[in-house]
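J.: Each chain sits in its own coordinate frame; assemble them with the hints.
These are the residues of each chain, in order.
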Amino acid sequence: MTFISPGFREKPRDQSTAGRLPPGQYVVRDFPVLSAGPTPHTPLDHWTFSITGEVDNEKHWSWDEFRQLPTENITRDIHCVTKWSKLGTEWQGVSVDTLLGGIETSAEFAMAYSDGGYTTNLPLEDLTGGKAWIAFAFDGAPLEAQHGGPARLLVPHLYFWKSAKWVRGLRLMAENVPGFWEMYGYHMYGDPWREQRYSGD
Amino acid sequence: MKTLTLAVPGWPGHAAGQHVDVRLTAPDGYQTERSYSIASPPEDANQLELAIERLEGGEVSPYLVDQLAVGDELEFRGPIGGYFIWTVDIGGPLLLVAGGSGIAPLMAMVRHRATRRSRVPTRLLYSSRSLDEVIYRSELDQLATRGDGFEVFHTLTRTRPSDWSGYSRRIDRDMLREVAFVPEQRPLCMVCGPTALVETVASTLVELGHPPDRIKTERFGPTGG
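Residue numbers (this note's numbering), protein chains in the order written: chain L, 615 to 815; chain X, 83 to 307.
Don't read these hints as lab results, they were simulated from the structure.
It is possible that some hints are incorrect.
[Said to hold, decoys possible] In silico EDC-like pairs for lysine to aspartate or glutamate, Cα to Cα no more than 16 Å straight-line: (1) L:Lys700 x L:Asp753; (2) L:Lys745 x L:Asp805; (3) L:Lys673 x L:Glu624; (4) X:Lys84 x X:Glu131; (5) L:Lys625 x X:Asp110; (6) L:Lys625 x X:Glu131; (7) L:Lys625 x X:Glu138; (8) X:Lys84 x X:Asp214; (9) X:Lys84 x X:Asp148; (10) L:Lys673 x L:Glu718; (11) X:Lys84 x X:Glu125; (12) L:Lys745 x L:Asp711; (13) X:Lys298 x L:Asp753; (14) L:Lys625 x X:Glu141.
So that you can see chain X by itself, here it is in the shape it has in the complex (with noise of 0.2 Å):
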């Protein structure tokens, strides 16, 4: 995983869960674009942060990850996308759930949220292999001292310390029922991550009684580029 951040004067500003389509042009002119989640929320002016997991063999994200420099141009195009969103004013409660580089539209809504000061309790519950690949979890962890009504719960999947408090397993139906609010409470759900974790974590949250309707998904995945 990889962050950049691009200075973008004159951003017209996005939403919480948008994304940009980054494309990349070689000297023969051959070009190929790729989408990309912004982590950084919309308060950041002239600024975006996207988080990039480099896939093996990929086309884009190698070149993302392991060429682009700092001083280098890109060009993309966005903001992009108006159904995976989370604004202040839409309200909650909000059940975030993220699986790997997934985290990052969530992240977005997370830090919209706190720099507007906003009290609406919101639960993240972010599954990763391991706690090194935990990314942005000083920042999660600080946010959620403030006692705004903002709670992360962590899920280790494969490896974890010996200490370790969290839990240690993928998400399941007891997982969700600690962590998802109640039903009735009818929180907005966005889901994020790779189709497996969300196709588990969606019909699951559905089962618990929570109404499809109030459940957002969002696929990311080795196809993603």
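Isolated chain L (complex conformation) (with noise of 0.2 Å):
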């Protein structure tokens, strides 16, 4: 049965965003704030970087290691699961490449994890190859903590609750177990194309 609502009609679009919003998603210009408890705000002196977990060898980088790495400069879409995407977002970030190079695993999830307690899982493998970052500046400035600073997980082509804000570090897995909002029913992997936003979509 298709279900119609009398007198309901699209609201007219920017044709520009034509191609680039996934289904149900509505562009917005400014950005907007969803958490689930209050802001951290970690001294960046007491700040670290760990990949743990399924390794030989954890690595720890302090904030001022972490900033000597190389950096890209990133442009992307960005997919809220609430429905909103924001369009050409710039930010500046460390390649999860970078972090994760010389590493020997045999993992095949990554559990991202962060001041405040939450957590996310994602596949190792969205998370190399040149598809997420740890980012620290948004807009050419130093990442707000309500946007996640000092630095975020930025996973772009997942929604974005994949993209942990206050992120900590990656814990590698074996086996893909669920993370904070994926233990409340959201989906486990989270696809904006194909409208994941539920477990079971």
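T.: Structure, rendered in structure tokens:
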């Protein structure tokens, strides 16, 4: 049965976004903030980034060490599961490929973990091959705390809850284990083009 | 603001704080969805209440507020969300902080608590621009007279009656210190409203000594559609 809402019409949209919007999304100009708890404020001299889990040797970076790694400029569209998309966002970050360089692992999944206890799970292949970064700047300025600063994961090809704010590390895992929102019924993978919002989609 | 009451035969039930995704379909097949919190308690069988804030230029909320008529049908999925919820079994003390239409999921908690005759100490701090924008005002005032441990504190940020005796400013540190129990009581804090309010309230509660893991937030705003 096709259900029709009598009198409802699509709002006219900017045709320049054609082909860039996944199903069910709409464009925003501002940058909405969503989070499940208070914004953490970890001082940079206490900040570290770690690769842990299924590795022979864990790796850790201080903020200064992290910021000496090669950086990339990234321009991508981002898509939030709450239906907003923001086009052409500009970031600066360190490629996850750089951080995983030289690490031997048989793991196929990773759990990103953050200050404040947030976690989200991803296949390792979605974090490698130039698809993911640890971003520390947005629009040419240091990333604000409410948007995940000092650094957040950036995985723009998946719904944005996978781009963990306040990220502090990746725990490599042999099995795919649900993270924070995934335990509350959100999709294990979260491809916006296949509209994988909730488990079962 | 408009509240919609939906008859939902066979509704499987929900937890106070959960939301639904409402889907509209145009005659040409175009579809869009937006999330709305459920304001009714789980105990209301086969019926759901949603509070809709009409957002100028929005695609969905003006339709729901202006066009949808009694007797029309609506398509939605849910209940969704399992983190920003409260049940009487979770206990308290419970601090609820709402800004504007952010009252909706907290109202479900307040009603759930009252329906279950819970005596969990509960305080609601509710920020509105003016008195006529306070939704559920008479119901909240009535619930606060039951003497069962539920208290309401209003603050009006823009205009207020000349005889107003409540708070008259944006929520700040002093206000939270007065209302939010003391950190030693480890209240569960549920904060829902626009981003600026949620950021201020959550970070101020942390500064006052409340453990971050006892503070849950949910954002409402223009991009909620």
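J.: Each of the hints needs a verdict: does it hold here or not?
T.: Results for each hint:
1. L:Lys700 x L:Asp753: holds, 13 Å
2. L:Lys745 x L:Asp805: This hinted pair holds, its Cα atoms lying about 13 Å apart.
3. L:Lys673 x L:Glu624: violated, 50 Å
4. X:Lys84 x X:Glu131: It holds: about 10 Å lies between the C-alpha atoms, which stays within 16 Å.
5. L:Lys625 x X:Asp110: holds, 13 Å
6. L:Lys625 x X:Glu131: violated, 26 Å
7. L:Lys625 x X:Glu138: Holds: Lys625 (chain L) and Glu138 (chain X) sit about 12 Å apart, inside 16 Å.
8. X:Lys84 x X:Asp214: holds, 13 Å
9. X:Lys84 x X:Asp148: With a Cα-Cα distance of about 9 Å, the restraint between Lys84 (chain X) and Asp148 (chain X) holds, given a limit of 16 Å.
10. L:Lys673 x L:Glu718: holds, 12 Å
11. X:Lys84 x X:Glu125: violated, 22 Å
12. L:Lys745 x L:Asp711: holds, 9 Å
13. X:Lys298 x L:Asp753: violated, 29 Å
14. L:Lys625 x X:Glu141: holds, 6 Å
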